[in-house]
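There are 2 protein chains.
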Amino acid sequence: MASKEPAHNCKVFLAGTIARGLLAEVAEGLSKLDTKPRLVGFLANDDPAARMYADWSAKTCIENGFDFDLRIVGKEEIEERILAANTDSTVHGIIVYYPIFPRPSGQDRYIQQIVALEKDVEGLSHRYVFNMYQNIRFLDPPTNTLKSILPCTPLAVVKVLEYLQIYNSILPYGNRLFGKTITVINRSEVVGRPLAALLANDGAKVFSVDLDGVQIFTRGQGIKKSHHEVQVQDESFTIRDCLPVSDVVISGVPGDKYKVDLSLVRDGAVCVNFSSEKNFDSPAVKEKASIYIPAIGKVTIAVLLRNLLRLVQNQSAGKKIVGGPEALNGSVNN
Amino acid sequence: MASKEPAHNCKVFLAGTIARGLLAEVAEGLSKLDTKPRLVGFLANDDPAARMYADWSAKTCIENGFDFDLRIVGKEEIEERILAANTDSTVHGIIVYYPIFPRPSGQDRYIQQIVALEKDVEGLSHRYVFNMYQNIRFLDPPTNTLKSILPCTPLAVVKVLEYLQIYNSILPYGNRLFGKTITVINRSEVVGRPLAALLANDGAKVFSVDLDGVQIFTRGQGIKKSHHEVQVQDESFTIRDCLPVSDVVISGVPGDKYKVDLSLVRDGAVCVNFSSEKNFDSPAVKEKASIYIPAIGKVTIAVLLRNLLRLVQNQSAGKKIVGGPEALNGSVNN
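As given, the protein sequences belong to chains B and C, one line each in that order.
FYI, the working numbering numbers position 254 of the first sequence as 254, with every residue one higher than the one before it.
FYI, the working numbering numbers position 288 of the second sequence as 288, with every residue one higher than the one before it.
Each hint should be verified, as a subset may be incorrect.
Below, computed lysine to any residue pairings styled on SDA-like, alpha-carbon distance capped at 25 Å [claimed, not checked]:
#1 B:Lys224 to C:Ser226
#2 C:Lys224 to B:Leu264
#3 C:Lys225 to B:Gln221
#4 C:Lys224 to B:Ser263
#5 C:Lys11 to B:Gly174
#6 B:Lys224 to C:Tyr173
#7 B:Lys286 to C:Ser226
#8 B:Lys224 to C:Ser263
#9 B:Lys36 to B:Lys75
#10 B:Lys11 to C:Asp261
#11 B:Lys257 to B:Met52
#12 B:Lys286 to C:Ser263
#13 C:Lys11 to B:Arg137
#14 B:Lys286 to B:Gly174
#15 B:Lys278 to B:Lys225
#16 B:Lys259 to C:Leu264
#17 B:Lys59 to B:Val245
#18 C:Lys278 to B:Ala54
#19 B:Lys286 to C:Ser169
#20 C:Lys224 to B:Val245
#21 B:Lys225 to C:Tyr173
#22 B:Lys298 to B:Leu23
#23 B:Lys278 to C:Val91
Everything labelled a hint here was simulated from the structure, so no lab data went into it.
Quantities reported herein were computed from a predicted structural model and do not represent experimental measurements.
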């Protein structure tokens, strides 16, 4: 019998395909609301990438039945304008396009905490971040009617892995990555570290890789703990130790210089790129991976709308969120 | 916050639960037939295990709407009685309970080839076995209307892994185990070797472990080959090298002495026992595995009925199977 030799057996999924189900879910939720939700975006910089993201989120909002206001403001008035939007009942969600202030100042971090908890569509409020790391999914335990908001890009990667059935739905909710080993390359506070935490909280063993070394995020042997713990590895443990044993490799290194060393990747691994650049050489990656996701941007936008819908649902649940935005600093109670 | 520490996070599935979907599928196929299919079992030994299997298959046949005849015959008449059943149009499937003759003689192997191809419910005919190893799924390529029959116990394990979503249905049919590493402990001709081949043919990397060492079954890097190839490992490569990197560990070692060394098993692995004895110490296995399958017998019986249904469907497709039973010895043409 002649041997059949296809070029490769890698399946490539585009973000638009994966986003479709999420947008349908959003449309259904939207159809049950009395009001058309309004997202307000604040742009206080000249960064063309931020402007592009703002235009893109505007377009997706409008296309999917949401209102969107872009408010271009000066750095000196950003705080005041956000506070006004916090108390404006016609505004349901707020997104701020960073960076605004020079990085070393930490002032952007301060602005993030200005946005009202119940309008924080990006999940950057300390309360949401705390809940994410602690694997607490609701704002109002034990009633559990108000969902805690997760940051858009890390949640988009989770949604991608759910779509790809890396999350095994036969396992209990919350443990569906048990048995999976995942490498996440990038440990920024914005994406890489929250993503590693989310995946470990769902049961995975996660190698979090960055320039300063490797950290292992897990819920311990048998995923017995309620949330992840981190083990910092010494410098002898490198990405060379991570890639060959990883079922999934997720990379988000900015710039066009970095490429994942495909010779170390396990045959049949799932490769996901969340960098704006291509961290996986293509077509070479298709010779190694069983599934390759070249980009996730459209999923991130769909998740943004899903978060906005969650906020409106939380708001119309008519309950006062315990604590409220003014009580966020240091008063988290669980 | 108090740390929640559940006893274990392992999910145990019973074979009866997994068999249910298969039996429903069989019932639907059965409802479309004009005739009630009849399975004939030949028992020519005094082995209590064989008798128990015969009684069990009888019970399951009757319960699920099939006819079952148990024919208890002498060793000297087995061949003639099978040949008579081959040409009896009221008989749709034939199962023979082995062993009949002393093992070294090879006479049982001869009897297996006596059963007509179109009535061989266990898939032991050379043509079926050849197709299985060669990853050929139909008897009549390229028309592909007559399905080749797979052996019951190996196919039962495949069905278990499909149920558990180890087969990723987002990948193309035939490649759904790409990226999975599986250890199969037992390399008998009846179960272990065909199972390793089936899993590798579906894209897995399989460590086939037996007393004489380890063999690796794969379709090559990038699963480019149309069917598996085998690499025999030297004695320095042992089960100690296999278990820590395996997503799934499947064990079928007879007798109550053998236990899989759980200290070597990867945290969150899927553990499947197909031995009549417990190859995984319980409850210890539940401290390590994400999923544990203690037994597969009921799935095997469901697969037997599914094979019988396939035979009837093939027969009623009204086509003469290329070659036919009399042409089986050495004349396989592909």
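Cross-check of the supplied hints:
{"no.": "1", "hint": "B:Lys224 to C:Ser226", "result": "violated, 42 Å"}
{"no.": "2", "hint": "C:Lys224 to B:Leu264", "result": "holds, 19 Å"}
{"no.": "3", "hint": "C:Lys225 to B:Gln221", "result": "violated, 37 Å"}
{"no.": "4", "hint": "C:Lys224 to B:Ser263", "result": "holds, 17 Å"}
{"no.": "5", "hint": "C:Lys11 to B:Gly174", "result": "holds, 13 Å"}
{"no.": "6", "hint": "B:Lys224 to C:Tyr173", "result": "violated, 35 Å"}
{"no.": "7", "hint": "B:Lys286 to C:Ser226", "result": "holds, 18 Å"}
{"no.": "8", "hint": "B:Lys224 to C:Ser263", "result": "holds, 17 Å"}
{"no.": "9", "hint": "B:Lys36 to B:Lys75", "result": "violated, 29 Å"}
{"no.": "10", "hint": "B:Lys11 to C:Asp261", "result": "violated, 36 Å"}
{"no.": "11", "hint": "B:Lys257 to B:Met52", "result": "holds, 23 Å"}
{"no.": "12", "hint": "B:Lys286 to C:Ser263", "result": "violated, 35 Å"}
{"no.": "13", "hint": "C:Lys11 to B:Arg137", "result": "holds, 23 Å"}
{"no.": "14", "hint": "B:Lys286 to B:Gly174", "result": "violated, 31 Å"}
{"no.": "15", "hint": "B:Lys278 to B:Lys225", "result": "violated, 35 Å"}
{"no.": "16", "hint": "B:Lys259 to C:Leu264", "result": "violated, 33 Å"}
{"no.": "17", "hint": "B:Lys59 to B:Val245", "result": "violated, 41 Å"}
{"no.": "18", "hint": "C:Lys278 to B:Ala54", "result": "violated, 60 Å"}
{"no.": "19", "hint": "B:Lys286 to C:Ser169", "result": "holds, 19 Å"}
{"no.": "20", "hint": "C:Lys224 to B:Val245", "result": "holds, 21 Å"}
{"no.": "21", "hint": "B:Lys225 to C:Tyr173", "result": "violated, 37 Å"}
{"no.": "22", "hint": "B:Lys298 to B:Leu23", "result": "holds, 10 Å"}
{"no.": "23", "hint": "B:Lys278 to C:Val91", "result": "violated, 62 Å"}
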